[in-house]
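Modelling step: build the complete structure from the supplied sequences, incorporating the hints.
The listed protein sequences derive, respectively, from chains S and C.
Going by this note's numbering, the letters in the first sequence line up with residues 1 to 616, in that order.
Going by this note's numbering, the letters in the second sequence line up with residues 1 to 616, in that order.
Hints listed in this document are in silico derivations from the structure and should not be mistaken for laboratory results.
Glycine is no exception: its CB is placed at the ideal position from the N, C-alpha and C atoms.
Accuracy of the hints is not assured; some may be wrong.
As a list, the in silico BS3-like pairs of lysine-lysine whose alpha-carbon atoms are at most 25 Å apart [claimed, not checked]: (1) S:LYS528 / C:LYS528; (2) S:LYS471 / C:LYS103; (3) S:LYS103 / C:LYS103; (4) S:LYS103 / C:LYS471.
Covered stretches of chain C, as calculated for chain S (at least 3 residues, CB under 8 Å) [what the hints assert, rightly or not]: (5) 48-61; (6) 151-160; (7) 270-282; (8) 358-371; (9) 382-392; (10) 426-433; (11) 588-596.
Protein chains: 2
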Amino acid sequence: MYRSHTCGELRAAHIGKTVTLAGWVQTVRKFGSSMTFVDLRDRYGITQLLFGEELAKELAENPPGREFVLQVKGIVAERSNKNVHIPTGDIEIKVESFTILNKSITPPFTIQDDTDGGDDLRMRYRYLDLRRSAIKKNLELRYAVNRAARNFLHENNFMDLETPFLIKSTPEGARDFVVPSRMNPGQFYALPQSPQTFKQLLMVSGYDRYYQVVKCFRDEDLRADRQPEFTQIDCEMSFVEQEDILEMFEGMIKYIFKTVKGIHYTEKVERMSWEQAMWDYGNDKPDIRFGMKIANLKTPSSVYPELRSQSLKKPVVSKFLEVSPFPVFDQAETVLAIAVPGCGEYTRKQLDELTEWVKRPQIGMKGLAYIKCNADGTCKSSFDKFYDNEGLKEIADHAGAVSGDLVFILAGYEERTRKAMSELRLEMGKRLGLRKETEFRLLWVLDFPLFEYAEEDNRWVARHHPFTSPKPSDIEVMIGNDPAIEDPARYLEHPYARIKANAYDMVLNGNEIGGGSIRIYQRELQEKMFAALGMSPEEAQHKFGFLLGAFEYGAPPHGGIAFGFDRLCAILGGSESIRDFIAFPKNNSGRDVMLDAPGTIDDKQLQELELRLGLQ
Amino acid sequence: MYRSHTCGELRAAHIGKTVTLAGWVQTVRKFGSSMTFVDLRDRYGITQLLFGEELAKELAENPPGREFVLQVKGIVAERSNKNVHIPTGDIEIKVESFTILNKSITPPFTIQDDTDGGDDLRMRYRYLDLRRSAIKKNLELRYAVNRAARNFLHENNFMDLETPFLIKSTPEGARDFVVPSRMNPGQFYALPQSPQTFKQLLMVSGYDRYYQVVKCFRDEDLRADRQPEFTQIDCEMSFVEQEDILEMFEGMIKYIFKTVKGIHYTEKVERMSWEQAMWDYGNDKPDIRFGMKIANLKTPSSVYPELRSQSLKKPVVSKFLEVSPFPVFDQAETVLAIAVPGCGEYTRKQLDELTEWVKRPQIGMKGLAYIKCNADGTCKSSFDKFYDNEGLKEIADHAGAVSGDLVFILAGYEERTRKAMSELRLEMGKRLGLRKETEFRLLWVLDFPLFEYAEEDNRWVARHHPFTSPKPSDIEVMIGNDPAIEDPARYLEHPYARIKANAYDMVLNGNEIGGGSIRIYQRELQEKMFAALGMSPEEAQHKFGFLLGAFEYGAPPHGGIAFGFDRLCAILGGSESIRDFIAFPKNNSGRDVMLDAPGTIDDKQLQELELRLGLQ
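What follows is the structure in structure tokens.
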């Protein structure tokens, strides 16, 4: 061993001991010709080294520079000038001898929390970037979450069972990465988008409680913060209903909070139907750290089909804008409002800037109407000529505003308007400091629609995936009806439009961190599902024959969930970006710029695979 | 939840309780018209159910068959006829009501330890095969080993750090599986053969102690018991020498023995040089559960180059067969012997059978000579006319035989003969019951040659991999000499032929379960290694520029090891085959017969990847 102790280990109690340390030179400070201080860094901490006069000559001949790998032998001594900010701050090492184990040229950026390295440079020299303590903390947190999840699941009788990576391509939804088979020329394996069917087979096999922390692969066009390979905490249980899953995994996340963050999340996790989330927050993963719920000022009509199909049951908050003297409201399909607390004194400039904000192409609105609720009870709006004070006040009341608040109103096509209002709400939450990185609010979103309508093919698509069961009460609706849609214009009247999924998403601070469902376990129902998705019986048999077969030999009721491990870690680490929680991430073009991958391969490799490059 | 208890949980203490169980019907036994016994099975055990007269009608209408999924509610009662073989054998459930949760058609083979299913059938219906308790025990053992390894490594400050699966193809040795990149047409990712370079980069990044239980991929022609995807317990440490690694991982394996098998392996793990292993056992992974060491009766000469290059240092056991009156010995390059204890009375038939055994093409010897050492001190051999009793006794003595032993002698070309003798030794060990499944003997094999000679290219190849360091004393030999081999006929005189690797293999019962090395961490030495392997500086830079670059920024001394997780589990489970320790294995053609993968993919997928099928 090159060391007797680590650089984070020595304390006052070690004073007088002879020790050997090894690590990286963080800083070198000279005091005159006789004394040199070196901060030596390793994974565990930083220890100050003192090189005295007797080593001055040797040091001058072999000066250790930044990031050199240094081994020193010396005596632990009390520091005259203690550093209370680091655990080793009481001591220093009086160096007796040293060896430079390896040299370093000057790094392309500084190895510090606030590095001067840009994103590209950091990614190219990721091995240096990983030395920065900010990134190190992220990966330590990642490991702690991994370990906590495993321990919790182990204690609850779950088994880690490995599923294969070289499987069969059955593209549903996202695109598969494929792997040409040399031994079976012209044939391909696929990399798993998730171990979904395997974990279900394990339930059929009686393994009862399965988990895996597992890499998954999706060949999608990468948005910011998506990776072609990502990690899931993947779980499945037999003989359970939705309630059992919610309780178990609520428990897991709380255990992670406690173990990793020291947070005792004792309150029950809130639950919300998908419908309510859409009505109140404009999206299916609401950030409930703050209120500012959306007021629906008009009955939604045509554009947001799933919501509309459910809207029958939900009383619309207000109908008084069904007809409005203000043509923008009057002609709009949807009019939505939020009351922003305490912003009633926003200036013209602030309002103009926010108007520009909603008009950006990413948001896509034509304008932003507002009502300022003054302290004296009067209102001031951007559409004063159409409403008197009474009328404005009525709208503001409907939006839940009180004195001093600012009401924002967006009007337009329903889907876009709802999305825009959701974004505006989040933006205002951020600006007002209501989305605290250190506050964590969990939420279960439930009762999703099972199907979405695909206009281009005039058929149903699975909102979650084809293995999700309908709610028990909807099974008969599904079995008993023909999935075919006779009149595309009236698809909403098809019984399938109202079927609810036995599915659940876990939302943390406005991010979906996990999702799952109770699965179909009956061959007949699974076949019906495949048929609803437009698969012929032959196609279903070809793609999923193994699963349909398995359902004939005593498949138990089962369900599960998968957590997005990268995202969960990022949120727990107080970051919006998953990149810095992955040791070797890829960029937005799916490239590893450090490795320079992907790259070309030899002709010999192509020949062995019986493949040729280029379009047909 | 569909159950209040599992099928392995109820005991006498539960008598009188009302419980709900769910599981699979293992057997149905009827007693007259009024009583039916059902054994209900789940992952945790088997519980006997008793259906009385009051349920007879209902049962007749809905008879639960084998492998049906059944839910029952009933009262725990004492069994009149206790079963001491199962933990639940004291009780049974007096069923009050039942629900058939799912039906099963008749399985294609019986779900029992000794199944009637052939290999193909079991693989096609793997989800049923996995229900067999033999396979379940294997996977439980696998999980226990996984968990024990993780716990040990965690306690020793190792961190699980995930490395990427979509990397760059740098074929060295085995063939890469490649993954075409849609976003970078004409370019490919490769799946990792191991995370080797990444774990080394993590050491450069200062992560110090890394581990991962990770899938690796090799596109090799599959021998029996090889899988295209396999799992490693992959580890790396910084600031260590060989001794530190041996101690750490000896500790890990012992911890696994203790935790998983209840075996306290307290003795120090034996160590043996590669050379000694080859001399004494004829292979580099000796099974040391039994003796029967090989006696070398003649100086090896030409065929086994690595051994020959080292043979200079090793005194040959005997030279007295350099010249022999028996032409077979006299003309053979190598003559090897083993003394098989207590087999001196083998019959003609037994000896003939063993002679046929060594003549099989897999062994490839021309014949088998023997000496029987009789109790009266006389010898009887298959070459009596060339030696008198004294001469035979001298040979038998050299082989270490005593009265009652049988000496086997093989003669021929060195490499083949040594391999054949190694096989014969193992075969005799097996026949004599000396290779007990329940006995575990660990061994470190050390001091491998760093290079092998590749005749076709007249260059060196890395015996381990290109990142293995030479022994410290050989570094200068490597740096100071030109790797080029001027005269192929005299390659053995090249200084590189004698360089030893700083590498180690862990052997368990004659199987290599792990291997690793201290790594090169200096750019100059790594470049020299690439040059020795015939890579131009440009090629080295193109393939491994990221690693060479990383070595310039302060790379610490480091080393590591990887354990073959599948094999380790198989050996601990007392099996020679890894297949039954993998949930979803592939067959010898690399196919998953359950999924029917690999398979064809859509033209659309090929077009998106800009690939065409067929040879150029």
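Comparing the hints with the structure gives:
no., hint, in the structure
1, S:LYS528 / C:LYS528, "64 Å, violated"
2, S:LYS471 / C:LYS103, "21 Å, holds"
3, S:LYS103 / C:LYS103, "69 Å, violated"
4, S:LYS103 / C:LYS471, "21 Å, holds"
5, 48-61, "violated (count 0)"
6, 151-160, "holds (count 3)"
7, 270-282, "violated (count 0)"
8, 358-371, "violated (count 0)"
9, 382-392, "violated (count 0)"
10, 426-433, "violated (count 0)"
11, 588-596, "holds (count 7)"
Violated hints, in rising order: 1, 3, 5, 7, 8, 9, 10; the structure is consistent with all others.
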